[in-house]
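S.K.: Below are the chains, spelled out letter by letter.
2 protein chains.
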Amino acid sequence: MGRETYWKSDPDELLRVAGDFRLADRDTGATPGFDGDKKDGQKALAEGAGILADLQERLFAAGTHGERRSVLLVLQAMDTAGKGGIVSHVVGAMNPGGVRYAGFKKPTPEELAHDFLWRVEKRLPAAGEVGVFDRSHYEDVLVARVHELAPPDEIERRYRAINDFEREVSESGTTIVKVMLHLGKDEQRDRLQARLDEPDKHWKFNPGDVDERLRWDDYQEAYQLVFDRTSTPYAPWYVVPADHKWYARIAVQHLLIDALESLNLEWPEADYDVEEQKARLAAS
Amino acid sequence: MGRETYWKSDPDELLRVAGDFRLADRDTGATPGFDGDKKDGQKALAEGAGILADLQERLFAAGTHGERRSVLLVLQAMDTAGKGGIVSHVVGAMNPGGVRYAGFKKPTPEELAHDFLWRVEKRLPAAGEVGVFDRSHYEDVLVARVHELAPPDEIERRYRAINDFEREVSESGTTIVKVMLHLGKDEQRDRLQARLDEPDKHWKFNPGDVDERLRWDDYQEAYQLVFDRTSTPYAPWYVVPADHKWYARIAVQHLLIDALESLNLEWPEADYDVEEQKARLAAS
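So the protein sequences, as listed, match chains A and F.
Quick note: the first sequence uses my numbering, first residue 5, plus one each step.
Quick note: the second sequence uses my numbering, first residue 5, plus one each step.
Identical copies carry no separate label here, and so any pair may be met within one copy or between two of them.
Lysine-lysine pairs mimicking DSS-like chemistry, simulated, CA-CA at most 30 Å apart:
| no. | residue 1 | residue 2 |
| --- | --- | --- |
| 1 | K208 | K109 |
| 2 | K249 | K189 |
| 3 | K189 | K282 |
| 4 | K126 | K208 |
| 5 | K110 | K282 |
| 6 | K110 | K126 |
| 7 | K43 | K208 |
| 8 | K189 | K42 |
| 9 | K126 | K109 |
No wet-lab data here; the hints were simulated from the structure.
Go ahead and model the full structure; you've got the sequences and the hints to work with.
M.R.: In structure tokens:
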């Protein structure tokens, strides 16, 4: 059974933030559009990996021949929601030579001395690349809002700055796909617990994760505001239920595949005389 | 049959440049140390992928806990030798979040205005990362020598500068593995021919590839000089026969696995009180 037959409805439409979207109404344990279980999901993921790798190579090929297109995947989530798994199992299917991964941590003093978009702009994908932001400029309106690292009017300014920035990025040829992995609070407890229970996973746990967890409702509210202010036609948000890791992975893979397919990429044509080069090669 | 049972001898020793190494004496169609065919090679590659991914996660984990170790794979080769396949099939098995890929193309005017190592230093792996140089500072003593882009005494200076640079990089915690994929001249013709024969591969061909092919012997000589001058105990060269893509992939994978295993990485221990955090989590 082919991968597409599992999808009853296009997940892109089901997951896209639009109209009067309410984060609180979304079920973190749902599997929108997918008619199958974990095993089916793994099969679909394996099949999609080949499709994604092929599309990415086409994008890369186009980039070497003057086409200015690129794709940017922005990943945001609460701790343990599965960003790492998306990077490993979805992004990992593509050729590392065409993927530009950027993980954003707590800003350095040099970064803080610049506008919040300064460090982000430097890590945008080049023509032909798939960029991946593991956290992003949205931290500057999420953690910054929850922990009052910036005054309210500065946060407001940032929403506008983000929209202006993303419109420019989009208009210069980058297809932007913004994903929030939406995890349930109970599921997060289980996952943090697992990290504490297994010594091999202790390194993944940080006491700060519990501090952030204690601000859960504030974060949900900050995310809702992000969706209200920054889900635009040129840079839409998708909220992906993340209690089932297998579902989140195939859903994000589907979003990436659709973004790449929408570019209608053909293999570039030769910009040299093929027969002439065959003759040169034969003589060499 | 486990992956290691295929190896009669440690390929690292067989492939390492040492003593009176002569590139011209090395068979590009050989499969040193491996007792198996293509199918066996593919099985070994699949098994090694999991091992490599696990080791890389340990390195990454150590990097998050203050360990200053990293690994740098340097890839050099003639066109079509299979660098791209190594990146995709060997490097691609690792989590993109811990891999720093750097492709070096013809230097930009800004790069040319600096010393040749300037652009390279900026793309070194950070602690915990596996860096991959797809071409490297060696272009500045290979193409630069063949095409006389720099005078002979400048090329001589560069060998010394490279050794000083690599010693510093090594002493600061980076394990350097330098690989030359050694392709036969006839095999290159076949691969270039295939790119000209298949319209979907036309984008991979560049008339300049034939120009470089016409300088084949000059390049082989330039590589020999590179091995003579820059294969050091702290940054050894490995010459990997590349006529069989499957062999080149498992050989480079083996080199990476050994480099990572030699670091004896353990999962970091908790730097917090596990029981205390369990109690906090339960109360949250």
